[in-house]
Amino acid sequence: MNLANMKVSTKLYLGFAVPVTIMIVLSFISLSSLGKIQQNLDRIVTVNNVRNNLAYDTGEDIRDIMVRLRDVILLKDDGQRQEHKKEIGGLREKYDGQLKKIEEMTSKDDTKGHDLIGKVRTAQAEAKDLNNRFLELALAHKDGEAAELLETKAGPAVERVTKAIDALAEHQVERSKARFEEATKAYAGARQFSIVLAFLATILSGGLAFLIIRSITGPLQRVIAGLSDGAEQVAAASMQVSSSSQQLAEGTSEQAASLEETSSSLEEMSSMTKQNADNSSQAKAMMGEVRKIVGKVDGQMGNMVKAIEEITRSSQETGKIIKTIDEIAFQTNLLALNAAVEAARAGEAGAGFAVVADEVRNLALRAADAAKNTGNLIEGTIKAVQHGNELTHLTQEAFRENAAISVKVEQLVDEIAAASQEQSQGIGQVNIAVTEMDKVTQQTAANAEESAAAAEELNAQAEQMKSYVSDLVRVVSGNAQFSGSPLPQEGYAMARKPLSKAGHKAPAVPYKKATGHSAGKGGGAMKLTRPDQLIPLEAGEFKDF
Amino acid sequence: MDKMAKDQAASTPASREGKYLTFALAAEEYGIGILKVKEIIGMMAITTVPRTPEYVKGVINLRGKVIPVVDLRLKFGMDAAGYTERTCIIVVEISTEQQKILMGIVVDSVSEVLNIRAGEIESTPNFGSRLDTDYILGMAKTHNGVKILLDIDRVLSREELFLDQVA
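Same order as they appear, the protein sequences are chains A and B.
For the first sequence, position 365 matches number 364 in numbering that gives the first Met the number 0, and the numbering has no gaps at all.
For the second sequence, position 12 matches number 11 in numbering that gives the first Met the number 0, and the numbering has no gaps at all.
No lab work stands behind these hints, which were simulated from the structure alone.
A quick note: this is a predicted structure, and the numbers were derived from the prediction, not measured.
Some clues are possibly wrong.
[As the list claims (entries may be wrong)] Taking lysine to aspartate or glutamate pairs in the DMTMM-like style, the calculated list, with each CA pair at most 20 Å apart, reads:
(1) K35(B) to E341(A)
(2) K283(A) to E409(A)
(3) K99(B) to E38(B)
(4) K319(A) to E84(B)
(5) K35(B) to D357(A)
(6) K371(A) to E84(B)
(7) K18(B) to E341(A)
(8) K382(A) to E316(A)
(9) K371(A) to E111(B)
(10) K99(A) to E59(A)
(11) K162(A) to E173(A)
(12) K176(A) to D108(A)
(13) K37(B) to D357(A)
(14) K152(A) to D128(A)
(15) K99(B) to E341(A)
(16) K35(B) to E347(A)
(17) K37(B) to E341(A)
Looking at chain B on its own, in the form it has when it is part of the complex (with noise of 0.2 Å):
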């Protein structure tokens, strides 16, 4: 329902113009749109949380406040993969109908912050029926690599929404 507007919103490649921050999950590199970036903060102890899903980290004090973070690798369906230096927390903000919402998702390193222009993002090609790709904004050409642009309202708003919902 909500779905089909954010479609509308986010499918005008001149909406997907701007700033992104690029950070690198396994072999890929992905971008999130700056608005939505609240802060980054290097890996910090999580605090597990029991009868999460496997994807759901944990939570962590940032500052007084109690974030729930997601491991971006599991959620994708990568392997796991073990916590170097450089692996770190972004802490973003998604906003559903009724509230935004703050969650951190680990991410192997954070790159930088990309000005990517319309010109450069290609409309995400289409792999069948049956994968959903409404996650992915669009792929990023940049003149080190493609970038996975992705929708992190779409990828993080599901189940942990469901989640929400539950708890």
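If we strip away everything but chain A, and leave its shape as in the complex, we get (with noise of 0.2 Å):
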């Protein structure tokens, strides 16, 4: 029976349930006890009394009749003596009717007052036998044997019935003494048991009453300051919940500001990558039209070295057409100066011939200059094409390494192209994070009103607690002396404390009124509602976004 684990409402049926057991308990000894005593009183007052009265009654009759008889005997009216005899019928009637009550009122197991009826009975009957006898005899007008019956045997008979009367009386007596015994006896067994019980009680009682309000009281206490204290700290806590809920849809507005330039950058960045992507592929294009370009023009190329070649070639044939003509003019010189050898020879007939002759060579001479100028500008020609030739394969080596370049400039645009994809895709996947942070966001900030919110109703459910705790003091403790009155103002006063330790932005501020110098943004009071009037603007800006 640990009273620790009990449950309050056993304690208290224990606490009262002992005291109104042995009340019980008492109560009933004492109603028994009593009752006891009322049932001897009872039967000593209906039965004894009555008994003893009924017997000193029937004593009575019996000496009324004695009287009777004697006046029987006494009185010489025949008339009278038979009323006498009636009376006397009367009186045994009645003494009867009393001695059969007697009778029914001893109980069975008195055996010795049945004994002591019995014997009066028969003394009775005896007495009343002889009496009658005496009655024959006095109505007989046998007065002396009538009187000598009852002087000698009637007389003595009911003596004896008196006597026997007498004993019953007596019985009588003691079974009331008996009986008032047995009450007193009753009497003081209840009221010792009575006085025991009631310091027993008293005892058990009063520790039970005492260890059950320890008990009760010093739980209650203990729950009392914790509750108190759990009020006042939830109360503090709830205080740096709605700051800390502030300071987030703050943190929250500002991010879905910097998330709507982070989208609207993205945007810029989004087009201007559709754009590279686009030129891009322009330049694909056109690279693979340069391609073309540069194929068609190595072709060309081709050609004209081909075309070159051939110059080449004619020019070189004509160098050799040249050339015979120059062996042709030289040899015409020769053929000349073998004329003006000859006409030297000749002497004076070769004159007119030397003149021929030097003709002649004047026009080999011509020829071969002719010849020598045509074999230059063929030759030069030849090195002008040559020239051409070169810088036909420069240029084709050009034309070449700018098709490689162009391949080149064509993969990599390619991959620009691909990176541009890419980087699309991943602006786009950049985009959906975006729009997913803002409806994170948007539900931080949501999230951070129903904070806000909760904070308050826990701040009302903290000071509901405190003014219970406070009736729960004024039922333990009789009055209102307890840390954390339920007062606004007191109550945050007291919530302050733990809060100064919070973050950067002081939420030492009320959250009912402005007392004094209210720190954070604007400098203005923060008021309760002061999240829930951020985020509504943020959630408009939201919709915007």
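Got two chains here, separate frames each, mind docking them using the hints?
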């Protein structure tokens, strides 16, 4: 029976049950004792005393009968004697009835009583008998015999009856005494028992009450203290939650703004990437064309090279022809010289011939000259053509390099296009992520709002709890002296202490009204609704977003 | 002996006047009297003859005639040059005491026939006693340079004659 682990109702039941039980027991005992006493008293009064009286009456009746009997003798009148006999008969009826009653009233286990009654009856029967004889004698006017009978037999018989009745009466008295003693015993026993029980009850109840009270009020006090502390801490925590919700709301709004910026710059980036992709695809197309052109150019270059080669060949052939002409001129020159020699040998006769030879030589020289010039020209042409060929080759090389480079460029452009594509995809994904982030931010804002509301509720509940606690205190301690009064200001003043270690924005601002300096944005009083005020604005922005 | 007579015959400027066939050899222009020139032909195949001096290139077949050919460059001690299309063989007729023999000289190129007057001819300067310049008739001053007039007889006569004699 560990008191501490029982329910309060159980304890109280116990606390009441014990005395009540004891009281019941006591009452029961008392009542039973009283009942017994009353029973005895009743018995004594209704039975014993009545029996006594009856016995006494019977005795009286017997004496009356005796008297009457005597009177009968004494009286001379028959009528009177008859009257007396009637009276005696009546009396006999009376005491018969009384005896019967006595017998009836005597309990079955009172053997002595029954015995005595039996004795009385026998004695009475005897006496009656004798008395009847007497009466007969008396009525028969045998007074002397009657008197003698009366004196010798009836009288003693009656005396015996009287004695039996007296014994019966005594027995009754004894019975009454016995009953009285019983009652007294009962009373004494009950008294003792009651005293002891009362003492026990007092001690037990007192101790139990003490224990129970302690076991109830102790935990209660602790609970009160705990609740009170808890309520304060809850209030403090709810303030913290509220302030952090505010911070969260602000941070979320900032985040939303930056998300919007991010989104807009993402869009720009996306459009630029798209442009990039377009440009790169255009560039690729152009590179393709360039490649085609370069291919064409290459083909043309090849053609040109071939043409140049042809030119070179024909130039060379022309050169050969020129050479032939030159040789011819040379030979002609030689011929002319030979002619001049012959003319010189011929002397005078060959003078004209010498002139002819000279002219021929001139012609030959001219031809040679022309041939030489032509040859020079042709050489020049050939050189130029060679130069052109070289240039063509160089150009071809350059175009080939160009082609190679353009192939590389095309590859690069391809890569750029692919990268642009990927970039575009990445931007799309980032966009999605930003949208999600925005959703999350919105949700966070909503959550912050909810948190602020919850904190407010929490605060209200804490206040409620504090009032309950004070009620409890009043119930337990009888007054409202306890730390943590239900006043909001004080409560918040108390709650402010743990908050002083809060984050960068000192939330040392009262919730309900601005007392003193209010820290925070804008210098204005931070109201409870500020987060709510904040968030709808942001929510509107969110919608636009 | 005859050399002296020839010397005397050649030494007078007036006798050196006349037409000369000029030709180029190395960087110089030379001239030979036109009467000495038989024929000018372009370069043709030369048949090498063994056991001949270096400057004797060989022989050629000119319309049935076999004519020895001398490279004048090598004769003069110049470096041999490659034969171009302008290289010619001048067939000269040199006269010795006994006979007139035809010889071909390989020259770089043949220029023209010039009529050189006496006033344009200068006598050969004396380069010193060791140098024998009797094979040079003189220096002709023409409008396009100085041409060395050769006495072709003297140029070709010495060892060839010796060769001839040996042959």
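Each hint, compared with the structure:
In summary, the hint linking K35(B) to E341(A) is supported, as the alpha carbons are separated by about 11 Å, within the 20 Å threshold. The suggested pairing of K283(A) with E409(A) holds, with an alpha-carbon distance near 6 Å, which does not exceed 20 Å. This hinted pair checks out: K99(B) and E38(B) have alpha carbons roughly 15 Å apart, not beyond 20 Å. With a C-alpha separation of about 13 Å, the suggested pairing of K319(A) with E84(B) holds against the 20 Å cut-off.
Restraint check: the Cα-Cα separation between K35(B) and D357(A) comes to about 19 Å, which is no more than 20 Å; the hinted pair holds. About 13 Å separates the Cα atoms of K371(A) and E84(B), which keeps this hinted pair within 20 Å; it holds. For the hint linking K18(B) to E341(A), the alpha-carbon distance of about 12 Å falls within 20 Å, and the restraint holds. Simply put, K382(A) and E316(A) have alpha-carbon atoms about 14 Å apart, close enough for the 20 Å limit, and the pair holds.
Taken as a hint, the K371(A) and E111(B) pair is honoured in the structure, with Cα atoms around 17 Å apart against an allowance of 20 Å. A threshold of 20 Å between alpha carbons decides the hint, and for K99(A) with E59(A) the separation of about 16 Å falls inside it, so the pair holds. Between K162(A) and E173(A) the CA atoms are separated by roughly 16 Å; this keeps the pair inside 20 Å, and the hint holds. The hinted pair formed by K176(A) and D108(A) meets the criterion: a straight-line CA distance of about 17 Å does not exceed 20 Å.
For the hint linking K37(B) to D357(A), the alpha-carbon distance of about 17 Å falls within 20 Å, and the restraint holds. Between K152(A) and D128(A) the CA atoms are separated by roughly 10 Å; this keeps the pair inside 20 Å, and the hint holds. A distance of roughly 17 Å separates the Cα atoms of K99(B) and E341(A); the hinted pair therefore holds under the 20 Å criterion. For the suggested pair K35(B) and E347(A), the alpha carbons sit about 17 Å apart, so the restraint of at most 20 Å is met.
This hinted pair checks out: K37(B) and E341(A) have alpha carbons roughly 8 Å apart, not beyond 20 Å.
In this structure, none of the earlier numbered hints is contradicted; all agree with it.
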